[in-house]
Amino acid sequence: QKEVEQDPGPLSVPEGAIVSLNCTYSNSAFQYFMWYRQYSRKGPELLMYTYSSGNKEDGRFTAQVDKSSKYISLFIRDSQPSDSATYLCAMGPGANSKLTFGKGITLSVRP
Amino acid sequence: DTAVSQTPKYLVTQMGNDKSIKCEQNLGHDTMYWYKQDSKKFLKIMFSYNNKELIINETVPNRFSPKSPDKAHLNLHINSLELGDSAVYFCASSQAGFSYNEQFFGPGTRLTVL
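As given, the protein sequences belong to chains A and B, one line each in that order. Just so it is clear: in the first sequence, position 77 is 77 by the working numbering, and no numbers are missing. Just so it is clear: in the second sequence, position 72 is 72 by the working numbering, and no numbers are missing.
If we strip away everything but chain A, and leave its shape as in the complex, we get:
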């Protein structure tokens, strides 16, 4: 079993849809959970970060962590064509530890 599993893609949704992206993990030491967004031919950039369990909201984006189930999610409300990108979950045991990334899912939002 891989340390971090991410739902396979690609995913195509109409504009305005609610998108749910998910990752599961096996390492119970993970405490820091991130979502990175990567546009085509660019480097990843941090979208959201959560420490331990709980929810975090930033505009149209909500990150959820359920440590008991070892499951994290990213919700995108009112999705826009500009949200079309690859989304990678990442996690690590400590603030400065190495990150383990999921495989990434490519999202396409159709106008």
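No lab work stands behind these hints: they were computed from the structure. Mixed in with the good hints there might be a few duds.
Stated by the list, open to error - Only pairs whose alpha carbons sit at most 30 angstroms apart, straight line, appear in this in silico DSBU-like list of lysine-lysine:
#, chain 1, residue 1, chain 2, residue 2
1, A, K42, B, K71
2, B, K67, A, K42
3, B, K41, A, K56
4, B, K36, B, K22
What the hints assert, rightly or not - Every beta carbon over 12 angstroms from chain A, so not counted as near; a handful from chain B, in silico:
#, residue
5, S65
6, A72
7, N79
8, S80
9, T112
Said to hold, decoys possible - For each label pair, taking beta carbons as the anchor points, the in silico distance ranges come out as:
#, chain 1, residue 1, chain 2, residue 2, range
10, B, G84, A, E45, 25 to 31 angstroms
11, A, E15, B, K22, 39 to 45 angstroms
12, B, S20, A, R77, 41 to 47 angstroms
13, B, N57, A, R60, 36 to 42 angstroms
Note that the structure is predicted; figures quoted are calculated from it, not measured. Heads up, the beta-carbon is just placed ideally off N, CA and C, and yes, glycines get one too.
Starting from the structure of chain A, add chain B where the hints point.
Just chain B, lined up with the frame of chain A:
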């Protein structure tokens, strides 16, 4: 104003050649990384340096040798290139601290080995 820059952006070369990729960050960070992203977008860490000292060295063939002349630069030299080395290589940097600090990624170097 570029934060993390890499050169070259594209690199096409023959099997067996030796090549280098350079990375520079102007963010004042003390930690730098090299990642490899394959064609399926899987991003995997290769190396990490903190203040010029190697702190993460994943299971990477010893044909790959990182070098950090100072904390703003981290270069990657690859000997005897193989077809399987074709990928996008990303440099990143962050500032170590007590809470999570964002890793800033460069634009990537797309390496194609023929």
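Against the structure, the hints come out as follows:
no. : hint                              : verdict
1   : A/K42 / B/K71                     : 23 angstroms, holds
2   : B/K67 / A/K42                     : 24 angstroms, holds
3   : B/K41 / A/K56                     : 26 angstroms, holds
4   : B/K36 / B/K22                     : 14 angstroms, holds
5   : S65                               : 19 angstroms, holds
6   : A72                               : 17 angstroms, holds
7   : N79                               : 24 angstroms, holds
8   : S80                               : 26 angstroms, holds
9   : T112                              : 14 angstroms, holds
10  : B/G84 / A/E45: 25 to 31 angstroms : 28 angstroms, holds
11  : A/E15 / B/K22: 39 to 45 angstroms : 40 angstroms, holds
12  : B/S20 / A/R77: 41 to 47 angstroms : 45 angstroms, holds
13  : B/N57 / A/R60: 36 to 42 angstroms : 39 angstroms, holds
In the structure shown, no violation is registered for any of the earlier numbered hints.
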